[in-house]
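Student: Fit chain D to the given chain B structure using the hints.
Top to bottom, those sequences are chains B and D.
Residue numbering for the first sequence follows the numbering used here, beginning at 1 and increasing consecutively.
Residue numbering for the second sequence follows the numbering used here, beginning at 160 and increasing consecutively.
These are calculated hints, taken from the structure and not from any lab test.
On a predicted model such as this, the values are computed, not experimentally measured, just so you know.
Hints may contain errors.
To be verified - Dumping the calculated EDC-like pairs for lysine to aspartate or glutamate here, alpha-carbon to alpha-carbon at most 20 Å:
#, chain 1, residue 1, chain 2, residue 2
1, B, Lys109, B, Asp42
2, D, Lys196, B, Asp15
3, D, Lys339, D, Glu276
4, B, Lys86, B, Asp42
5, D, Lys196, D, Glu228
6, B, Lys109, B, Asp129
7, D, Lys424, B, Asp153
8, B, Lys62, D, Glu276
9, B, Lys62, D, Glu501
10, D, Lys339, D, Glu228
As the list claims (entries may be wrong) - Simulated restraints on C-beta separations:
#, chain 1, residue 1, chain 2, residue 2, range
11, B, Gln121, D, Gln500, 50 to 58 Å
12, B, Leu60, D, Thr441, 50 to 58 Å
13, B, Asn99, D, Thr370, 36 to 44 Å
14, D, Thr169, B, Arg143, 55 to 63 Å
15, B, Thr157, D, Gly377, 40 to 48 Å
16, D, Glu331, B, Pro56, 52 to 60 Å
Glycine included, every Cβ here is placed at the ideal spot set by N, Cα and C.
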Amino acid sequence: MGRAGEQRIRVGVADMAVTDTGTPLVTSGLGSCVAIGVHDGDGVAGLLHAMLPAAPEDGLSKAKYVDSGIQTMKAELTALGADPNKLTAKIAGGSSMLNLDSGEPVGDKNVAETNQVLDRQGIELAGDDTGGNSGRSVTFQPRTGTMHIQRVDAAPTEL
Amino acid sequence: MRVDLASLETFNRIGTAGATQAADALSMLTDSDTFVKSTKINFTPIDSIDSLFRDVETAVAIDFDGGLEGNALLVFDESSADHVLDELSEPGQEPNSAYLNEVANIMTSSFVDGWAEQLSETIDISTPTTVENPAHQIPSDELADFSFVFESEIAVDEGDNVCRFYLLPEPESFLAMLQKSGDESTDTGVSIRELSTFISLTAAGAETVATNLEMMTGIETDVAVTHLDFVPIKNVARAIDESEYAGTIFEFGGAIDGYLAVMFKSDSVATVTDALLPAGATGDAMQQSAIEEIGNITASGFIDGWANALDTTIDHSVPDFVDDMGHAVLESVAVQLARSQEFAYVFDVTITAGDPLNCRLFAFPEADGFRKVVSGLDEDLDVSTVERV
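If we strip away everything but chain D, and leave its shape as in the complex, we get:
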């Protein structure tokens, strides 16, 4: 099945409209200051969707069918749940968690109403229910290995209080809807199987990077889900927060052009550099050199895997070292892409370890070239046979 990736832009706008209605409902109920931080569309393996739900305290699920089939989840983490409960409680009154469920019910209904309005369709919804394990809400579809997941993040007042909406459309009917809304005559269509293969290829690249990192540092690592996000260019930088990160940025070019960012949170920098540098080696220059070396290994692991699978060459630049606000760094990358596109394809990988180590990898392929390369990929490729460094 082929879909027009450009039509995802329309669905992203619809998702944002739904989230805005839900955010307005929360503002009205709690007198909170709410703000839709971003809406992105994940294309992700179904068996990895549960890793999207992080630190969930309260989740409310709703099933829907009619103009759109699937289900929606609203999740609050512990601190944002407490914050909203405090806003709802009368002074001196003990917060009642049942209030939060009621708020979540109203928000979820507003969210789906927003979708229905934008699609000009009638969407029938079930009664919202509180769920213990959001991962169990994932639609099981034996016909599809991958699914589109809409993720909207709503900020609640100041600080890090956020709630997230996940809309999980039933894969087959959503693909049919995408096909209907797309323009088959354009060259922006790709095969869903080719796209899935490309993501599997990238995920294998991420595993190689994690293994290389483990060998270099001796620190045991885990790779969180590798997924592809479709994000409006203005929201690209929101993939990362405003705190300090050190890392490297690469430009790559050849069969596919784009940028790669390898970012370490400031508390991870010491973990990595202590593991890499000889005892007694200190100083900013040594730290920079260690971060650049890891960046080089990472870039090669990713990009060579793509190049080998495509039987071509992709070159990358020398590492450009950064140590600054994470958001500002990615914004500067987004500006480069913004000159030619309104929407970005972002591969998002997280490598973690207990030490602490948190490494975020982002690949930003240039849109037109990416679609061409995906279309040229053998959809039956066995990614385990691709040679890696």
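Excised from the complex, chain B in its bound form:
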């Protein structure tokens, strides 16, 4: 998990970080994983980089999964002083870079699960840049909730 109080807080794969310091949260090289940035509008924010949609019963790594990751991040944001009723989210990733899945691609499943869990948790989805077939790197600004997205084959975008 990233540490607060740095120039930027790096969030790895199957990882999350929360902050109330305004330090940007970054995660890079998203393929079929999904990045979920959540903030309360008052400077408390978190970023999750989840690999798979739903945690098994014995899933020890909460941040590896969309469902347990969002749930855990919401609890950590609340513990840091965020109002759970004022949370909004932006999401990016969930691409299908490879044709390896025989059924529904994992990226699509991750995005669908994210939408459902955010809805269940009462977190409004304020913007998304998902799907397609290219990789993304993400910077999430805790104070504004702005999500910057970079790709190798296109100009940076902002949510």
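Tutor: Same frame as chain B, but now just chain D:
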């Protein structure tokens, strides 16, 4: 000697804890933003370990014994050494390289302390010393051809500044420790000799691939070390950076299931395609076709070698072309493995040439099948007799 490969997960966590303590020490001393990017465990031929130390500017070594025997190395490349020295210097003051040694001494002690704490053992350490040639620190053990090497990469501030820790446990005592921590009743144990044979087999496959590549392109190639890494699934993608790569991904199945990635850095793509395509042939479709053809040859060189040694068949899919962030491509492969495992076995091969050409090959066998296949291998197999394409 048999070891429980699953117990390597525990040692990977211990290595990460040691690296985190060292990274915290560096943050405190220099006010830098540090981050443990990854810890992986290499199982590699002893005579190839020196190829792990790349572009070393400054290296500090420490010997230890007691609860764990061996030595540790902290290495800085030139740019990260300069960066840390700049952070340490007062404004207007000329950087003093002695400061870096002092920082490295403190970090190395913290790293070993982290190991001792996790192992609940007392580890006695020597005074850290600066070494000119890190390869000379490799423990020579006539009884072992292969060794486990722990490699932790610590990022320092933004950019490409990194330092690396290598922990080289004395092979025999570490194997004994692995045996003690493993569960002999599980089916996750393999013979170290069988594992060594499988890596030698894969290394021979890599040589075949390089030879085929050379014949196809006319470019003289070199194969860097072929080693097997044990990596937490979340760190698999860190084997490669975020810059643009073109390549092919294959799924293979049969006696062993898994994925193979053949990746070229963007500046190598032109070298390869110029060499392969007829003069005047241009365009993305032609380039893609050339990269796919190389991918096919590579996949066959690797996978057929495994299949022939095991006297079985392993099929592979058609090439799946990719041209994107390297990290994102491997992350998408890791996601496939993550559905059934927390830890990955990664064969990592680099083929280079001066032209420039940098080709990274990664094989990701599915964990349970890999252990079964390794256990079924003749540990006395002469890999030079295995038929290849």
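Student: For each hint, tell me whether it holds in the structure or not.
Tutor: Hint-by-hint comparison with the structure:
The straight-line distance between the Cα atoms of Lys109 of chain B and Asp42 of chain B is roughly 31 Å, outside the 20 Å bound, and the hint therefore fails. At most 20 Å may separate the alpha-carbon atoms for a hinted pair to count; Lys196 of chain D and Asp15 of chain B meet this at roughly 12 Å. For the hint pairing Lys339 of chain D with Glu276 of chain D, the CA-to-CA distance comes to about 18 Å; that is within 20 Å, so the pair holds. For the given pair, Lys86 of chain B sits about 9 Å from Asp42 of chain B by alpha-carbon distance, which is consistent with the 20 Å threshold.
For the hint pairing Lys196 of chain D with Glu228 of chain D, the CA-to-CA distance comes to about 25 Å; that exceeds 20 Å, so the pair is violated. Between Lys109 of chain B and Asp129 of chain B the alpha-carbon distance is near 15 Å, which keeps this suggested pair within the 20 Å criterion. For the suggested pair Lys424 of chain D and Asp153 of chain B, the alpha carbons sit about 15 Å apart, so the restraint of at most 20 Å is met. A hinted pair counts as satisfied when its Cα atoms are at most 20 Å apart, and Lys62 of chain B with Glu276 of chain D does not qualify at roughly 25 Å.
A threshold of 20 Å between alpha carbons decides the hint, and for Lys62 of chain B with Glu501 of chain D the separation of about 13 Å falls inside it, so the pair holds. About 15 Å separates the Cα atoms of Lys339 of chain D and Glu228 of chain D, which keeps this hinted pair within 20 Å; it holds. For the hinted restraint 50 to 58 Å between Gln121 of chain B and Gln500 of chain D, the CB-CB distance of approximately 29 Å leaves it violated. As the Cβ distance of Leu60 of chain B to Thr441 of chain D is approximately 51 Å, the hint placing it in 50 to 58 Å holds.
Under the hint 36 to 44 Å, the C-beta atoms of Asn99 of chain B and Thr370 of chain D, about 30 Å apart, miss the expected range. Taken as a hint, the range 55 to 63 Å is violated for the pair Thr169 of chain D and Arg143 of chain B, whose Cβ atoms sit roughly 40 Å apart. About 42 Å separates the C-beta atoms of Thr157 of chain B and Gly377 of chain D, a value consistent with the hinted range of 40 to 48 Å. Our hint of 52 to 60 Å for Glu331 of chain D and Pro56 of chain B is violated, since their Cβ atoms are close to 38 Å apart.
Of the hints listed earlier, those the structure fails to meet are numbers 1, 5, 8, 11, 13, 14 and 16, in rising order.
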